[in-house]
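> Could you build all of it, start to finish, from the sequences and the hints given here?
Each residue of the sequence shown is one higher than the last, beginning at 1 in the working numbering.
Note that these hints are calculated values from the structure, not bench results.
Each computed DSS-like pair below joins lysine-lysine, with the alpha-carbon atoms no more than 27 Å apart:
| no. | residue 1 | residue 2 |
| --- | --- | --- |
| 1 | LYS7 | LYS55 |
| 2 | LYS275 | LYS11 |
| 3 | LYS161 | LYS242 |
| 4 | LYS242 | LYS255 |
| 5 | LYS115 | LYS55 |
| 6 | LYS55 | LYS11 |
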Amino acid sequence: MKVARAKESIKIRPEAFEKSEHTSIAWLAGAGFFINSRGTIILIDPVLMTKSEEKNISECGLKLLVPYPIHAVDIRKVDAVLYTHPDNDHLSQDTALILAQLSPRFIGPNTVFKKLAQIGVDPNIIETCRVGDSIKINDVIIEVTPADHPWQLQDPKRCGKPFRIGDCCGFIVTTADGRCFFPGDTRLMEDHLAIQNIDVLALDVSLDPYHLNHLGATVLANLMSEAFLIPIHYGTYDVPDKPAHCGDPNDVIEKIENGKKRARILAPGELLILKKGMEI
Numbered sequence: 001m002k003v004a005r006a007k008e009s010i011k012i013r014p015e016a017f018e019k020s021e022h023t024s025i026a027w028l029a030g031a032g033f034f035i036n037s038r039g040t041i042i043l044i045d046p047v048l049m050t051k052s053e054e055k056n057i058s059e060c061g062l063k064l065l066v067p068y069p070i071h072a073v074d075i076r077k078v079d080a081v082l083y084t085h086p087d088n089d090h091l092s093q094d095t096a097l098i099l100a101q102l103s104p105r106f107i108g109p110n111t112v113f114k115k116l117a118q119i120g121v122d123p124n125i126i127e128t129c130r131v132g133d134s135i136k137i138n139d140v141i142i143e144v145t146p147a148d149h150p151w152q153l154q155d156p157k158r159c160g161k162p163f164r165i166g167d168c169c170g171f172i173v174t175t176a177d178g179r180c181f182f183p184g185d186t187r188l189m190e191d192h193l194a195i196q197n198i199d200v201l202a203l204d205v206s207l208d209p210y211h212l213n214h215l216g217a218t219v220l221a222n223l224m225s226e227a228f229l230i231p232i233h234y235g236t237y238d239v240p241d242k243p244a245h246c247g248d249p250n251d252v253i254e255k256i257e258n259g260k261k262r263a264r265i266l267a268p269g270e271l272l273i274l275k276k277g278m279e280i
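What follows is the structure, encoded as structure tokens:
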């Protein structure tokens, strides 16, 4: 299976967390994101630790092709941690417990609440969200969007009960500088087709049929025709037998209208900086 390697990671330094007059967005490798909206720090699906005895193995158990751009132990400030669903490559125990020491707001669907509580995160800092919710984090607005990710159907006897609608979600993050859509792991849904005015789209370019896959990614990117495109869910883990982590962003970008102009194939840790909807 085709596996494109991500660009070499760029370390996220302490100054990236400082207050500014713009919004910074960084891909954290895998499916994770860092957002600094004028001093408000939000993490989405962060997995940022490795096995203590094997530094090239992620805490989620997958071999790394590139290092993470920052480790959870090096983060000193975070206002909110958003989780789209509880799969290990989106919500891993070590990162969550380390970030919990900073007392952020942990936000996710009920499946996320359950997992966080089970691994020992204080339930008082966990918030359950539902599709359609609007959540304010300082001056940032979070809208919760639907997701359809029943990947367990590929082998229910081994994988267990499939995710149902409501077990997973996506997020639209609106800052003073733009409206950013992070769909999460999801097949393309009719609801997604009605989302408008997106400035940045986290584009899942993996080959998995329970994700957008290349057809869904192309359709969504063409509908959100003004958005910058940040490819994700590729190039991080050395698992050529797992479609969810395989794919090449160029294979999708070439099918998208103005794809090459709009795409921002970021290295993990590289910042995309927005000010009032414009890239700076």
